[in-house]
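Residue numbers (our numbering), protein chains in the order written: chain A, 1 to 177; chain B, 1001 to 1286; chain C, 2001 to 2378.
Hints are computed from structural coordinates only; laboratory data are not their basis. Mixed in with the good hints, there may be bad ones.
To be clear about the criterion: a stretch of chain C counts as covered by chain A if any three or more of its residues have a C-beta under 8 Å from a C-beta of chain A, and this derived list gives those stretches [claimed, not checked]:
{"no.": "1", "segment": "2171-2180"}
{"no.": "2", "segment": "2285-2292"}
{"no.": "3", "segment": "2355-2369"}
Once the Cα atoms are required to be at most 30 Å apart in a straight line, the calculated DSS-like pairs of lysine-lysine come out as [to be verified]:
{"no.": "4", "chain 1": "B", "residue 1": "Lys1250", "chain 2": "B", "residue 2": "Lys1043"}
{"no.": "5", "chain 1": "C", "residue 1": "Lys2198", "chain 2": "B", "residue 2": "Lys1043"}
{"no.": "6", "chain 1": "C", "residue 1": "Lys2180", "chain 2": "A", "residue 2": "Lys150"}
{"no.": "7", "chain 1": "A", "residue 1": "Lys150", "chain 2": "C", "residue 2": "Lys2047"}
{"no.": "8", "chain 1": "A", "residue 1": "Lys150", "chain 2": "B", "residue 2": "Lys1266"}
All C-beta atoms, glycine included, are put in the ideal place defined by N, C-alpha and C.
Here are the chains, one letter per residue:
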Amino acid sequence: MRTEFRLSGSGGQGLLLAGIVLAEAAILEGKNAVQTQSYGPEARGGASKAEVVVSEDDIDYPKAIDPDFLLALTAEAYRTYGKVMGRGLVIVDASVPQSPEVTARTVRVPILATAADELGKKVVANIVALGVLGRVSGVVDLPTLESAVKNRVPKGTEDLNLKALRRGWEIAAAAAS
Amino acid sequence: MSETLSYFRQDRLPHIWCPGCGHGTITGALVRAINRLGLDKNKIMLVSGIGCSSRAVGYLDFDTLHTAHGRALAFATGLKVARPDLKVIVMTGDGDCTAIGGNHFIHAARRNIDITTIVMNNNIYGMTSGQYSPMTPKGMLATTAPYGNSERDFDLAELAKAAGATYVARGTSFHVPMLIDLIEQALQHKGFAVVEALSQCPTYMGRKNKIGSAVDMLEWIKGRTVNAKAAAALPPDKVQGKLLIGELHKSSQPEYCDEYFKATAKVRRAWKNIDGGLRGCEQNSD
Amino acid sequence: MPRTVKLMQGNEACTVGALAAGLEFYAGYPITPSTEIAELCAEELPKVGGSFIQMEDEIASAAAIIGASLTGKKSMTATSGPGFSLMQELLGYASLCEVPVVFVNVQRVGPSTGMPTSPAQGDVMQARWGTHGDHPVIVLSPGNVKECFELTVRAFNLSERYRVPAIVLMDEVIGHMREKVELPDASELVIESRPAPKSRVGYKPYAAETDGGVPLMAPFGEGYRWHVTGLFHDETGFPSNKPEVADRLMRRLAAKIDRNEPVIRDFVTESLDDCEVAVISFGSSAMSALSAVRKARAAGIKAGMLRLRTIWPFPDEAVRELSSRVKAIVVPEMNLGQVALEVERASRCNAKVARVSKVNGELFRPEEILAAIMEAAK
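Sequences and hints are given; from them, build the entire structure.
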C-alpha cells in the first residue's frame, strides 16, 4: 500500500528535514520510501514543500499524487494545498485560521505553540510535527522515529528533538480524540 | 650552447615565429634560467594558452600542455594541486593572460599558488594579425584600432601585486641577462611568481605603428623602460611615463597547496570502502 | 559481503559513486541543483587522499580537472545548465586530446538562468553537440538514486577505457530525491583505469590502430615528456596541418565510440515482449512513465517501456527493432522533443512517434503520459 505525505510551510521551518526523517524511519522498518521537495530561491521564508511516499512495494512515481496526509504550518500552505486535497487528512497548525476553501477532513494541532511555548524552541516545530504525523498516519512506530531523529539531527540537539518528537506524538492523540 | 639546446625538442625546430620576434629570446632566457638552476626536466610541467607565446612550449623538452585561449593558469592549477611536488611554469601572452584569461590570472595570484608565470608581452594579438590587446598603449594603432587605441592599458605588475602575487618582476627582450636573472628568481620563489617580459612584434606592432625593424623596436622598448633600482635616484621627469624593469615586488606569504594540505591533514587517510554514512546536505538555490 | 542500506540523495549517491570509482580530484563552481556534489567532495575527498578546489568559474573548473587528469588522477566536475554551457569548449579539448574526465550535469530549466530549482531535461542535445566540431562523447542518464551511484562508477570506467569525456546527465528531481539505496561493497565493483604505456622508450602518445584504437596514456611528471595540444595532431602529439593526418585522427576518435556502441549501450525494459505501445524515456521522466505503463497495463493496454541509461551513443539498433513491432512509440521528456528526434530518426518511420513534452519546471504526472499512451493505442 502506498501512503503519501505532503509537508508544507515556509522555508526555514525544517520541513525538509522532517520529511527526510520520516522516510528514513520507514526504511528502518524495512519499507520503501522516497522523499522529494520543491523549493524557491529563499533559504529562509518563501513557500516550501517536502513530500514522502512510503510503500511496502516498489515505488515508481516519486511524488504525491493524492496525499493521504497534508501537514500545513502556514496559512498560505494550508490554503494552497488544502483546497486540492481529496480523500486525505489535513493536519494544520492550530494558529492558522480556518478557510471555507478547504473542504477535506481536517485536524487542528498546536504544533508551533508546543514548540515555542512549551519546549521553548521554535526551531523544533518540525520535529513536533513529525511526531504528530507519525502517530496520525500509523506508518511508523515511535521507537523507529526516535532512531531516525537521532541519526539525522545535529549532534548535541538529540535530547531536545526527542522530547519534541514525543510531545508531538502525545498531542496527536489529544487532537484525534 | 649545447646545454641550452638540450632543453629543446630540436626535431620541432625551426619555430613558427616571425623573423625579429622577441619570443625566441624570452624562451631562451627561460631555458637558461632553468639550466642555471639545474632543474630536473622530468619534474617540470610547462603550460601555455593560445597565441604566439603559447607555441613556445611545443619546442621545449618537458611535459608540455598547449591548452585553450586564456586557460593556461586554470589547467596549471589542476596540475599543481594534483602534483604539488612538481614545478609548474606557465608561458602566456598579453592577450591570453590579461584579456580572456584575466580572471584566472587574478585568482591564481590571489591563491598564491606555486606557479611561475612568464607573460610575453608584445602589446598586440600577433597570432590573429595585429588587433589591440589590454596591454596596447593608449593611442597606438592596431588593425582594430585604426584611429588609435581609445582604451587604457593595464600595468600588469601593479595588477599582479594587487591581486596577491608574491613575486613580481618586469624584464625585456632587450635586457637579456637581467631577464634570465629575473626568471631564475621567479623559479626559486615559492608562491605565485609573475615575470612580465616585454617583447617586440615587428610584423604587426612595429609595422602598423611605423616603429621600424626589430632592432628599432628593441630600441623603442629600451626607451620605454627604466631600471627600478636606478629610478629612485633619477629626477622625476626621467621616470615619468616609463615602465620600471627589475624585481618590483617580493613577499613571503602562505602558498595555496601548502595551506590546503595543512587544512586537510587531520582528515587525510587511506581509502578503504564506500563510506555509507555521508551526511545529508542542505538545499541551496542559485 | 557487507552492504550499506540507507536513505540517500541522488547527488550524494553520485559523489559516493565517484569516490568508489577512484576519484582523486574535483574542481567545481557552485550552482543549483548540483552544489551538494561539490560540498560532499570538499568534505570527503581529503579523507581518501584526494583534493578539492573551488575554482573561479566553470571554465576554470573544466580546465583544472583536465590538468589533474593528465597527471594520472581520476577527475570530475559537476554543474548545471549555465555552467555546462561555459564548459563546452574544454569538453571539446578533453575529447580531442583524449583526456579522461567526468562531467556531471544536474539539469535545471533553461535556457539562461531559467528556473534554478526546477527540473528539466533540455540538455540532451547540448551534451552531445555542445562543443564545436565532431567529437566523441559518452552520456549516461541515471533513472533513480541507486543508478546515480552505478552510472557514475560506469562513467569513470568508460571514460578511462576509451579516453573520452563521460557525462552523467542527471536532473533536479533525481539529484535531490532521496530514496532507499543498497550500495554494493567496494570489492563487488569493477574499477577500470586508463591503458598505460609500459616503457618510456619510443612513447608515441597518440599511436593507436586507425579503426578506433585507444592510445596508451602516460601521466605527466613521470619522465615521458610528451606534448598535449588542442590543435589537430599526429601520433607524436605535435600539431599537424596535413589533411590525411586530420582525417585519420577525426575518424579514429569517432570510431572509438561508434565501434564500441554495442558494449557501451545500456537500457532497461519493462513489458516490451508483447507490447503494442512502447514508451521510450530516461531520467526522472521515466519514473512517471513507468507508473503510466503499469496503469495502462491494468487498463488492458499492451504498453511497455524502454528506459535509456546511455543516451549517447544512441541505441539506434534497439530502437529500430522495437519500432518494427509496435504500433506507436511515446516519448515523454522534460523538453520540447530532443530524444524524440533521435527516436524518429532511428525508427525510420516504422512506427508513429508521439512527443510528450513538459517544460514548466514540474515532473510529469503519470496521468499525462497515460493519456498519451491511450491516444497512441487507438
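Now the hints, each set against the structure:
no. : hint                      : verdict
1   : 2171-2180                 : holds (count 6)
2   : 2285-2292                 : holds (count 4)
3   : 2355-2369                 : holds (count 3)
4   : Lys1250(B) <-> Lys1043(B) : holds (25 Å)
5   : Lys2198(C) <-> Lys1043(B) : holds (19 Å)
6   : Lys2180(C) <-> Lys150(A)  : holds (18 Å)
7   : Lys150(A) <-> Lys2047(C)  : holds (25 Å)
8   : Lys150(A) <-> Lys1266(B)  : holds (26 Å)
In terms of the numbered hints stated before, the structure departs from none.
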